[in-house]
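Generate coordinates for the entire structure from the input sequences, incorporating the hints supplied.
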Amino acid sequence: QKEVEQNSGPLSVPEGAIASLNCTYSDRGSQSFFWYRQYSGKSPELIMSIYSNGDKEDGRFTAQLNKASQYVSLLIRDSQPSDSATYLCASRQGSQGNLIFGKGTKLSVKP
Amino acid sequence: DTGVSQNPRHKITKRGQNVTFRCDPISEHNRLYWYRQTLGQGPEFLTYFQNEAQLEKSRLLSDRFSAERPKGSFSTLEIQRTEQGDSAMYLCASSLVGTRPDTQYFGPGTRLTVL
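So the sequence lines, in the order shown, correspond to chains V and R.
Read in order, the letters of the first sequence are residues 659 to 769 in the numbering used here.
Read in order, the letters of the second sequence are residues 23 to 137 in the numbering used here.
There's no promise every hint is true.
Cut-off 20 Å, straight-line C-alpha distance, at most; resulting in silico cross-link-like pairs (EDC-like, lysine to aspartate or glutamate) [unchecked claim]: (1) V/K761 to R/D46; (2) V/K700 to R/D46; (3) V/K660 to R/E66; (4) R/K79 to R/D108; (5) V/K764 to R/E66.
Everything labelled a hint here was simulated from the structure, so no lab data went into it.
Shown next, in the form of structure tokens:
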């Protein structure tokens, strides 16, 4: 059974702080990883994708991948109240095909 | 707005009735995916198409569920003899194979409530 595990939270951080979201996956064949943001009642919105070990930065977001540890993380710098949402981690075998999602981590950024 | 549209946005039905949902992907996208999401869970894969061919179906997709993409453009998902356990958000996503990353863009979803 291919699984993606996330701490469901809620994770609460003050405005301006760094939020750290973590994810582990069970399938060593997974090659690509995604972070989606989902506001309550809305559909998932892609934030970052990462394929290679190391860090990938995009604005306030940094995704980190460690394939040896089967671990993916997302850092959000200078967190804003508008970042309050559920963050979904997803994996995929290869470069195509369906995504396997975790249950998501609920983030709350307090003003 | 990602450019993926789904209709209807909400559907309330009685147990035992049939329902059909429609997804219109981003126009040049050749892959179309269906997922189901229940409260507190991440989306679960149901099935996907490349053009008009249905390439994979999840074990979650019972024989009461059928999906089509007749001309390789829009897709429909039909649930026959609905059960209360079918209540969920049904999400459609599309992507363009051959691009890197092969990003899946989600539509707004159809929320199904089975009474």
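> Failing hints, ascending?
Replying inline: Structure breaks hint 1 only.
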